[in-house]
Structures are given as structure tokens and as C-alpha cells.
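Trainee: As a plain string of letters, each chain reads:
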Amino acid sequence: MVRRVLSLTSGRIAVAVLAVIALLAILGPWLAPHDPLATSDDTLAAACGPHWLGTDHLGRDVLSRLLDGSRISVLGSLEVAGVALAVGAIPGILSVYLGRVFEWFTLRLTDTLVALPFLLFAVAVIALLGNGITQAMLVTGTLVSPLFYRVARAATLTVARSPYVEAALISGASLGWIVRRHVWAKVLPPIAVALAQTIGVGFVIVSSLTFLGIGVQPPEPTWGGLLASDLGYLDYRPWGPLAPAALIMATVWACNLLADAIRDVSGEAGRALLNGRKARAHRLGTPDTAPTGGA
Amino acid sequence: MTTLSQEAARAETRPADAGPATPPVLSVRDVHIHDRASDREIVHGVSFDLTPGRTVGIVGESGSGKTLTCRATLGILPPHFEVSAGTIEIDGTDTATLTGRQWTELRGSTISAVFQDPSSYLNPSLRVGAQIAEVLRVKTGLKRREARLRALELLRAVHLRDPELVYGQYTFELSGGMLQRVLIAAAIAAGPRILIADEATTALDVTVQAEILDLLADLRESTGLALVVVSHDLAVVAQLCDEVLVMRQGEVVEHGPTRTVLDTPRHPYTRLLVDEHESYGLDRFLAPKEEAA
Amino acid sequence: MTTLTPRAVPPARRRGVAVARTRHTLVRVLAALARSVMIFVPVFVVATFVTFALRSLSGLSPARIQLGEEATPEAVARVEAEWGLDRPFLVQYADWFGGVLHGRLGTSWTNGADISTLIGLGLGVSLSVATLALVIGVLVGFLLGTVAALRRTTWIDRTITGFVTLISVMPAFVVGIVLVAVFAVGLGLFPAAGYVPAEAGIGPWLAHITLPAVALSFDVIADVARQLRGSLVAAYRENYVTGAVVRGLSPRRIFFGHVLRNGLGPALATLGLKFPALVGASVVTEWIFGLQGFGRFANDSAQAGDVPAVQGVLVVSIVLVVVFNLIVNLVLARVTPASQRGV
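Protein chains in written order, with this note's numbering: chain A, 995 to 1289; chain B, 14 to 306; chain C, 1314 to 1656.
These aren't lab readings, by the way, just hints derived from the structure by calculation. This one's a predicted model, so the numbers in the text were calculated from it and none came from an experiment. Please note: incorrect hints may appear among the correct ones.
Claimed, not checked - Chain C stretches covered by chain A per the calculated footprint, using a threshold of three residues with CB under 8 Å from any CB of chain A:
#1 1474-1484
#2 1488-1495
#3 1593-1607
#4 1618-1628
#5 1631-1644
We put the CB at the ideal spot given by N, CA and C, even for glycine.
With the rest of the complex left out, here is chain A (with noise of 0.2 Å):
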């Protein structure tokens, strides 16, 4: 599937700017220039040569405050998604198999889940818990569940009511290999794209809360957090917040992309999708032996 959509340029692009995310959270502290603490006398300079993206209010160096911030931001999301995941999908597919009691159950607490604003729910419990990004992250990934519930239900159902697993079965075939062959081929997609949806907005929601200092010690850098210092100094700095904002904004959108591009590849409108795309690149030299088109 990877290399299916890495065949679409939407696909490719996306695939691109998030390993360039990641890359810069991996590498980011050794990459930056300066240490992102160190204050300095030069503040709120204008990008320059050792400063690229200029200094902030005590002096320190933007670009490397943002190499160093990217772990949280990206740390964080995935945080995110993978609570999610692990909360939404395991009760999802169960949910099929469990009986009616643990189905109405499941449903109902999603629809819960669904009604309470996550961000307010977040603030919430890191500030009555402490700091940590942590905990706000396994309390947002928990409210954020409700997606890979259904995505993961609505999947299972399909197959295993399907017609192709129960002719498997009738005919011998064993659980796993269904599983394997069929099982999963269907649902990893749908959780595919559920996943990137998901790590958008969790990057969202860790801007959103190292925004409003909530889970973070002040000196630590974090995309958020520029983003809030730089609102106290737009006289002096208004194209200060622009680096960070198009930074977040970079990411969230790559991630839509890629959910897309996902979503475009596969299941019946995917495989139809690519074959085209095959059909008009082999249209030079024979005529098509194509049905004819309609009745």
C-alpha cells in the first residue's frame, strides 16, 4: 500500500513534508545552530546571518527554539494517535464478536465520548493532574477514540459479514488465514486514514495547550509557546509568528493530504483510480480493446 500511494503526487508530497517533520524532531537539537536557552543581547533582531530567523524578547535564537520545540510537537501528536488507536480500534473490532451487551455499551460510550470538547477536557486534567504533556495526551487521545471506534467497527462489520470470508470459511480455510489475507487488507486502510487524520489534530491540540503554557516548564521551547511569546511583541516583531504558524500549519496539512491520498488508493474506487491512471499511460501505440460504453 505505501508504494501505491507514493504513486500519486499528493501522496508524495505529503510523504515528503512529514519526514521532513519527523526528521527535523529526530535530528532538531544536534541541527540547531545555537542553544535554544541561551539568552543574548540581541533581541528581537530581524533574520540575519547567525540568526536566521532572527532572536526572540531574551535574545534567543528562534531557529534553534524551533529545531528543539519539534520533539514535543511531534512526540505529542503521535502520543495522541496512538492512544487513540489503542482505546478506539481494540473495542471497535471486539465489539462484532462480544455480544450485544459490550456492542450497546461500546456504542453508547462513543457517543459520549463524541459530546465533551476535548481541548476544555485536556486543560482540565493537566491542570488538576500537573504538568506533563503526557497526561493530557492519553486524556485527548481517550476523546478522540470514538473515530478509530467506528472506523474500526464499520470495517470489521463489512468483512465479517461479507460473503467472500464466510465461502473461506465454508470451505475450510482457518481464522488466521482469513485474517491475514482478507481481514486486514480491509481494515488497515480505513485506520490508515483515520490515523493521519488524527495526528493532525493532535498536533493541533499540543499547539493549542504549550500555547496557553498548559504542561510545559516556561524556558523549554516549544512551536506553541513561540507562537505565544511572539503575540506579546508584534509591534516590534510582526512577522515573528509566522515561522512557528507555518510550521503547524505545514504539518496538519501534510497530514490531510496524506489521509487523502490514502483514502484515494484504496478499497474498489482506489484499485479503479490506479488502473486508469495505468490505462492512460500505456494509451500510446494499440488502440484499447475497451467494452463497449453503455447500453
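Mind docking chains B and C on chain A? Use the hints.
Mentor: Structure of chains B and C alone, referenced to chain A:
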């Protein structure tokens, strides 16, 4: 004599309503339809004339081009299809010269259609009666109350037993046969002169199928409607049509009066169709009856 | 069904049908209400229980706020007793819950004020902004979605879709910052912060809530536009459009009477899901724009460790979301009756 031509004979004993001097209300001349997407010609030269009170049948299997031809006469070809050659004239006007607005005028009041799967051609969120009344209000300028009354009349005219009840129902509350009658009512509401029935009975039970065909025949008698009946089923065409076109892969392989085509088919494909009907028809398993002279 | 000569339907039967139909609608509405309530109650209980439990887990107490960090254990115990925090957990919970059912949300640890009043003050602000955001979002989203669907696959459609995608990735607070930078600080067209109640004048009131409302509306615009475009395009592919065309109805009538009617439902349903996100995002926008609203109150209380206030906030936000969803469902029921029955 085959049972098909028996039916055709029955159809022919009607008094001919239109003499040869009446101008055709629909005339299709050597129409070719081209698909831009695959850059191929799908329909290669279809021609027929339709005069008031007469019925033309088009027979063919899926992919033969019969639906595309119908859509061309209605002006609703799918986006990448076009009429690449030939003319279609409705009531003397060449349809190639029509603007969108003129087409909207023409449809419903001069030419109309019913299709297979009637439930999908009505809006599922509106009551069916309201949809008929809508056509009346828009096309014939009736006020709301009068439109409702006229719609009820129409529902009665298509032999629905309880027009009041049906008027207020949604599509999912009605059976296939009832829906097809509703669709016919909506199609003839504005008094068109041409009605195209594209596989109108294909999705219905056999008994209902017979009733709908009878209904169409009745309407033809009472209003002088000109019909185009499209089907893959030769029996349907035999029951109702004066002349028949047999299409195969976009070409008209046979064209003539129904009786002639069924009794003495010239093209091997037509012969195949007739023979298969014979071999697989129900009569083969019934006790032999006295043959009519 | 056989072809019989049509008989007149006895008037009694016709009346019976009409009565049955109205009863049907009533039952449906009540069922929708009942369903919402059924969902609401467990959420309510669970969420409030969890926040109550959080307090015990967190070890937060009013003593810390009132006395500071260096309070002696005796002082802390005394303060806690004053607040009734030395009673058993379940007793406290039952007590609080009972109060909530009467509309009393408790007293704030920070200043002893009645929480219901505090929240009430903040709600006015937040709801003004949220309503304006929804109005903008729906109107603009509707416009964009419709135009894109009507001109699908042309450059207009592509531009709008691109624009909408761009908007959808801009989190509310980013937009808020940009708006402040450009319109308030840069161009000075709008005030950068603060709030003026409508009683003091519609003009200033609008001036203060426009920028935050716009910031919150982006998400709504994007979702509504995308949904509407999608469902309108899908509706146009349906056979009933062909049916209407063939009956000679004009494109405008087909659009307003048939396509839009069927396409509106899913777009409206999206709104219901957007509301919780809106409430959440307002937490940040109110911070940016200096609005003393509900979200701001939530943030401040949480940061101060004022547990009863946070509990009150959570309760109110749940109620808001449920009520809003109820309204949306009722509107949906009116607009597309067939969809409710799962056609």
C-alpha cells in the same frame, strides 16, 4: 406462427391512427454517437420516424447503444458523449439548435420518459404526489389546489386504486409497480406527445409488467401518445410496437414492421433472438392449444 | 396489485391516515428527545464523577490557593474542614450532584463567589462569539460549497477546494494571532482585545467579537463547504435529478427543490459535531483576544487549581453540547424526513 408474432398480430389489428401524411413528431436520422473519453463511436447510424399514435420498439442487449440513443433524443447524454453526426428532430425542430432553456421547455411538455428502477427517479425526500403536482404547476401553470386535483386525476388515470393515499406517500412506501405508474403519471402530466419507455418494465414482476404495458397501450389510445419502447425483451416489444429496430453493438441490424421482423427475420442476430425466445419460452412446456388461423 | 376500477376512499379512512401520520411525527420527535437525554445522563454522571475523583487524585485543595505553599498542616486541615472536604468522598459527591440538579454549581475556591454566577457572566461573551462564528461559518461555507458544486471540476471549483483545504489546516488560535497582527495591530481596524456587551451598543459589540468569531469560523467554513460540496455533487449524480430534468423542470428549481434539500442534511449534521470543537477552541481564542468568557474562565480556574470551578465548567459545557445537538437534530428531522428513517 410463433407466439411472438401472434402478439404482434394482435397489436396490428388496432386501427392505424396516423396516416402516412401526418408529419413525424420525432425523427431520428442517421445519428452517430461518439464517446470523447475513449475516442470511439458507440452508435453507428440509427434512423427512425415516429408519428402520433404509433409505437417504435428498440430491442438489444446491454451495450447495444439503445439507451444512449434514447438519451440523445432527450438531450441528456452523459457529459463526455456527443452526437457526432445525423439529426434529431422533435416536432420539426432540430435539437442541435436548442439552448438549455429551450430544452427545459421541450421536456415534459413535448417529450418525456420513464426508466427502469422507478424508485430512484423520484426524490426520496418528497411525497410522490407533490412531485407530480410540481410538474403541473411549473409546466401548465396550475395553482396549488388545482394541481393537486389534477395530480389525483392522473394517479387515477394510471390505474392506481387509492390515489388519495398514494399522493401522500414517499417512494419507499410504494411497490415497484405503483412507483412505475406514478412515474408515468408524472411523465404525462404536462401532456407530452412523445413518451420514451427505457426498460420501463424490466425490473417489475411479470404480472405487473403486463399491467404497465396495458396501461401504456391505453394511454396511447386515449391521448394519441407516440411511444418509443426500449427493451432487451422481445416479448415486450412484440406486444406493443408497430415497428421494431434491432440493435447490436451500436448498429441497427434490422428495422421494419414488427410482424415482418418476427416472422421473417433477415439478420442472423434477430433470428437468434426469436429462436431463443421460442426455445426458452413458457409455451414450450404448456399443453398445445388450437392454432389460430 | 390488480387493476380494479378506482373506488372513492371513505373519508374516515383518510382522516385515520392523517391522524396516524401526525402521531408518527410526534413519536419520532419524542424518541429523538429521549435518545438525547439517555445519552446525556451517563455522560453527565461519568464526567462529573471523574472530575470529582481527579480532585482527590490531584491532592489540590482550597488551602493551597488561600494560604499559599507554606501553610502549616493544621491550617490546611482547618481550611479543608471549612470547605467540607474532610467528609467521605461519596458524601461530597452526592452533595455536589444534588446541588447541580438545582442549578447550584458550588463556590469558587479562589474567591468564594458563586460559580453559577461566574459562569453565567462568561457565557454571555462566549455564546455571542460562538453564535457569530457559526453564522459566518454556515453562510460562507454554504456559499462556497454551493458554488463549488455548481461549477464542479472547473477552475472555480478547484480554487475554492484549495482555499477550503488551506483554511481547514489553520487552527483557530493561529488564525486569531494572524488576525490580531494584521487587522488590530497592523491596520487598527478592530480592537485587539476586550469585550463590550450588546446593551452598550451594537456597533462596539460587533467590533469586539468580529475578529475572534472569524478565527473560530474557519473550521466551520471548511467543514460545511467540504460536506456540502460533496453531498451536492453526489446528489446531482442521483437518478432523481435525471427524472426531474426529463420532466422538464428548470435547473434552478432542481437545485433548490431537490438537490439542496437532500444535500443539506449531512452538512447540518456536521455542525452538530463541530460544536464541541468550537467550545474547545474558544479556550484559546478568548485568551488571545482578552475576552473574559467561558473558555477563559475554564483556563484560569484550571491553572489556579480551582476544582469546583472546573467541575462547573465541565458540567456546563456538556449541557451546551447536548442542547446544541438536540437543536440540530430537530432541524434535521424537519428538513429531511426520509433520511431519518434510513432510506
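Trainee: Of the hints given before, which are not true for this structure?
Mentor: none
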